[in-house]
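Sequences listed follow chains A and B, in order. Oh and the first sequence: position 131 is 131 in my numbering, straight run, nothing missing. Oh and the second sequence: position 394 is 394 in my numbering, straight run, nothing missing.
Quick caveat, the hints were computed from the structure, so don't treat them as lab data. One should not assume that every hint holds.
[Claimed, not checked] Okay, the calculated beta carbon distance ranges per label pair: (1) E124/A <-> L23/B: 44 to 52 Å; (2) P635/B <-> E124/A: 25 to 33 Å; (3) P635/B <-> E142/A: 22 to 30 Å; (4) D378/A <-> S566/B: 49 to 57 Å; (5) E124/A <-> L602/B: 51 to 59 Å.
[What the hints assert, rightly or not] Computed list of chain A residues with no C-beta within reach of chain B, every gap over 10 Å: (6) P43; (7) I344; (8) Q352; (9) A371.
[Unchecked claim] A few chain B residues facing chain A, derived, Cβ under 7 Å: (10) D201; (11) P202; (12) Q632; (13) D634; (14) I637.
Model, not experiment: these values are computed from the prediction. Heads up, the beta-carbon is just placed ideally off N, CA and C, and yes, glycines get one too.
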Amino acid sequence: MPTPGKRSAPESVRIENVTKTFRDPATGRENTVVRDVSLDIAPGELVTLLGPSGCGKTTTLRMVAGFETPTSGRVFIGSDDVTQLPPNKRDTAMVFRSYGLFPHMNVRENVAYGLKLRKRPAREIDERVAAMLAMVGLKGYETRPPSRLSGGQQQRVALARSLIVEPGVLLLDEPLSNLDALLREQMRVEIRRLQRSLGITALYVTHDRVEAMSLSDRIVVMRSGEIVQTGSPQEIYRNPTSVFTAGFVGKATFFPGVFRSGAVEIRGRTIRVARFAPELKDGDACAVMCRPESLVLLPPGEGVAEGIVIANIYLGHSVEAVIRPVATDGGDSAPTEAQSADFIVQIDNPHQEHADAPDGALRPRIYPEGARVSVGIDPALAKALVPEAE
Amino acid sequence: MSVFSVFSRVSRKSLIASLLALLAFAAADLWVWRTLEEAYTKTRDGRMRGIAASIAASAPASPAERTAWGERLKGAERDFDAAVTEGFPETGKPLGPVPVVTTAPELVALLTGPDPHVAKGVESAGYDEPFQSGQRVTIGGSERILVFAPLHGAPGEATGVALLAFRTDASDRFIFLLRLFACLAAVAFATILAIARLSRDPVLSSVVLTLFVIVGVFTAYPLFEAGRLTLVRADGSFTRDVWKSVFTEGRSLAALRGSIQLGALTATASTLIGFLFAFVVGRTTIGCKRLLTAAATMPVISPPFSLTLSVILLFGNNGLVTQRLLGLHDVSIYGLTGLVLVQTMGMFPIAFLTLAGILEGIDSTLEEAAMDLGASRLHTFLTVTLPLAVPGLLSAWLLVFTNSLADFANPLILAGDFRVLSVEAYIEVTGMNRLGTGAALSILLLLPTLTAFTAQRRWVARKSFVTVTGKPSGRITEIVSPGVRRVLFCAVWGVVIFLAALYGTIVAGCFVKNWGIDYTFSLVNIREAFERGRDALVDTVTLAAVATPIAGVLSMIAAAILTRRSFPFKRALEYGLMTPFALPGTLMGISYILAFNKPPVLLVGTAAIIVINYVIRELPVGVEGGVAALRQIDPSIEEAAQDLGADTPRVFRDIILPLLRPAFISSLSYTFVRSMTAVSAVIFLISARWYHVTVLIYNFSENLRFGLASVLATSLIVIVLAAMGLMRLLVGRNRNLDKTLLSR
Ligand SMILES: Nc1ncnc2c1ncn2[C@@H]1O[C@H](COP(=O)(O)OP(=O)(O)OP(=O)(O)O)[C@@H](O)[C@H]1O
Ligand SMILES: [Mg+2]
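The task is simple: from the sequences and hints, build the whole structure.
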């Protein structure tokens, strides 16, 4: 617990080779949910744990909070080994997915609870609660019980309740998952602003890639209890190290190809991709990852893959064309999982209907549904990856 | 997270610190024990020498007087034997002419025998010095310490020797206990230390440990003792005699048959009436549902004997109806018929509440659909309503069956020649002082009870078809024709009026001079009843008031731990806590007197044994209510509090208890009502100091002082109703409250 009176400095967090195994009490079977996870979080940093449902994000977070004890490995907050400390003795505050507001206390009492536990004088509590409620925009709601607040308001009470104790580490478990899309976007900005302005270290759990992208200093991608990649949002998006990460953090199309000394051969065409996984050796099969914005539609026969437009999704600032691949006559590879999936091509600025072709003619940028097209790759944005083993 | 799984990762430093603390405590413990033991032996030896000296001094000189004196010495109950001789005996030589006075011939043999310690003692006496032998000898089957004292003919001159052989069993037992306590203290300290130092959440660990101790000492141990007594003789050898006699004696088997027969009849009758009530409340638009429910609540909260009492007043040998109104003299209400009548009136509410929930839960759409498809009303009832209620009917039947088997109060007064197990067990214990047989009979009672109980829990309760839809329509389509409706109406009101008449009779009984003989108005009964029952009333309320908060808080703690924490042997603890729910009170009472009338836990005769019994018996219902409530509460609420810095007790006080308020108050009122109206277990546990009104009601009824009994029964009803009203005020209208109350 922070020393009373003194504003506690943001703490660093260090997770060292943590493994968590649950034992099913009925069958006695062991189930390893988090496997040898190590992570360092710098003071003031916001790190997001991103991964599909059930990959162990919440469990990892709860081990930092102290609700679960690691089966092996250690957790440090600052320089202290807190592995065996119960949650109430750790300088953390958690915002729960379901908020966990005290239903028998009103908004003010909820927010004041942590300060009361710290035995702060009543005057100080009143002042700080009022300031905190103003900060999260809940002035005037002091005496409402949580049951009479909207989802977004409840969320802000939960956030205020955690922030007011000025924790060394703020832990958030999908705090926005119960909100509607618009509110989610607002709160995302809000959380980021508060975290920045208070300079709090934060560990944020989500399975929403947009949320992770827009909030984080650093994203930790998890899969089946293991960390598969750590990096800034740009890095993760543009330079994923695996097909899994590439697919999970953003829309991606994968073209099967063969790796040849720094370039990739896709159906006879050689493309000099800007990046490739270092494990790839000459002659290896690879998957060329392309983001929607690095693909273009071309007249049939001109690109690396052929297909039929099955939908043009109008998004305002852009159009997403969904292309269902068709087998080409010169088909040299059996259809793989990645190949049979639809290609997603993003066409920016959709109101400009034609593009200049190299020969000076005008080419359509958008093709009508049902049209046969070819897909071209911008090699500067593509990356060759090791294909997923089935 | 496991509390005890942290041993492997305890740091070396804290382990060494713990070991050092343990060593320090052990040293202190050892020192205290040695000091106490030394002090004790010193006092004991001093006392023995003092007695020896005074015996030696009081021995008269003349031979004649000395013989008389010896006789007196022999007659008295003492913890020693003595031999007094004139002159000093020598090994192998016969004693001199003055007669030896002795209470045990072995002592004379010892004095003339070759024992060197004896020789030394005699020698010391010769030098006018008392002597205590370090060697123990066995006399009359027990170990003795020998003390020698000189006999004085003239001052300063020893003329003989007094040899005293003190029994050692009492002092040995004391020393053994002292050592036992020293060991226990060390073990307790080690346990506390281990919990405090080695576990992550010391409070949780201690609470879990405490619950295990409670279950072990107050549920498992008494039951074990009861079982043991049926198989082991007083000297510790194994015997099958008790069970053999139980199974060969006609009485016991007749009682088992009787219990089952009574249970089956009562269960059937109660289920029918209960279904009638539930059907009227749940599936028809007949009014006064509140009143019906209230009427059904009365028998549950009224003290035992009250319905029996009024039935006797109305239909007994001097009954108002039988004798006064009908002029009948040779009908007897005592026996199976009366019992079925009384039990049915007392227990149909159980069936009613079980069925009410189910019948209310049936969506009218189902019946509408059936009728829409062309089914007649009767056909709809038979093919839709009834089948949906079948699991409820079975469940109700089994619940009433177990209750009827466990019932003790009604048959105690009303059984006549009819035998049931609970009463037989009571008679064996209190009437014939055959505790083994009593225990065996009450264990025998457990068989059908447990079978029915398990069947109800495991099998029927889960088979319920009723799907709880989010929004009950609240709309009822009556499937009864107006004629049937009238019949149902009359039947229900018939029962209610009969019930009201029964309670009215008890109240009337308070104000009548001598029921059955002299029906003039009088207040003498009230005055006398309060005079004679005041202490018992105070005791009863005190005991219930003490047990209530303990059971309430304990049940909420247990519920919180069972739902929110995991620890080793959790299932065992859960079973241990819930078991008393299925135990007949007679068995509980008998096993408590068996277990707690001797060390190490000597409680018989105290208030504690009664309070503990209440708490243990009423705990399961509270725990169940708490568990059900906690299942509705998001665990992250508690986690949030803990995360903000609240430790386990704080989380319990700030979050769990307030959120469990309705369940908590239900549990409080349940315990209070049940404790105020207890009899089957408490009748074994009361003492001259701590009495229970229900037992007093029984005593008055036995002595045909029905007026006094009525007054006490009425006052109990009033107190209980007042307490219930207070609880209502505290929680507001609460359907759960009635449910919990009736769940037994
Ligand atoms: N107390 C527990 N006992 C047993 N298994 C558990 C326990 N808690 C979590 N698990 C298991 O651990 C795995 C990971 O759970 P966790 O809650 O960490 O996933 P998550 O990544 O947060 O998923 P989501 O995005 O759905 O919240 C799941 O398979 C879950 O079933
Ligand atoms: Mg989760």
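**Cβ distance range 51 to 59 Å for E124/A and L602/B, holds or violated** = At 55 Å between Cβs, range holds.
**Asked** With a cut-off of 7 Å, does the beta carbon of D634/B approach a beta carbon of chain A closely enough for the hint to hold?
**Response** 5 Å, holds
**Request:** With respect to the beta-carbon atoms only, verify the hint that P635/B and E142/A lie 22 to 30 Å apart.
**Result:** 27 Å, holds
**C-beta pair E124/A, L23/B: status relative to the range 44 to 52 Å that was hinted** = 47 Å, holds
**Prompt:** Does the nearest C-beta of chain A fall within a distance shorter than 7 Å of the C-beta of D201/B?
**Reply:** 6 Å, holds
**Asked** For A371/A, is the shortest beta carbon distance to chain B beyond 10 Å?
**Response** Answer for A371/A: holds, closest chain B Cβ roughly 49 Å.
**Prompt:** P43/A clear of chain B by more than 10 Å, beta carbon to beta carbon?
**Reply:** 20 Å, holds
**Request:** Beyond 10 Å from every chain B Cβ: check whether that's true for I344/A.
**Result:** The claim stands: I344/A keeps its Cβ more than 10 Å from every Cβ of chain B (closest is about 37 Å).
**Prompt:** Going by Cβ atoms only, is I637/B closer than 7 Å to chain A?
**Reply:** Status holds, d = 5 Å.
**Prompt:** Are P202/B and chain A close enough, Cβ to Cβ, to be under 7 Å, as the hint says?
**Reply:** For P202/B, the interface hint is violated, since the closest Cβ of chain A sits about 10 Å away, which is over 7 Å.
**Request:** Could you let me know if the closest chain B CB is still more than 10 Å away from the CB of Q352/A?
**Result:** Q352/A clear of chain B: closest Cβ-Cβ about 51 Å, beyond 10 Å.
**Asked** Quick one: are D378/A and S566/B within 49 to 57 Å, going by C-beta?
**Response** Since D378/A and S566/B have Cβ atoms about 54 Å apart, the given range 49 to 57 Å holds.
The structure does not agree with the numbered hints 11, 12 stated previously, though it agrees with the rest.
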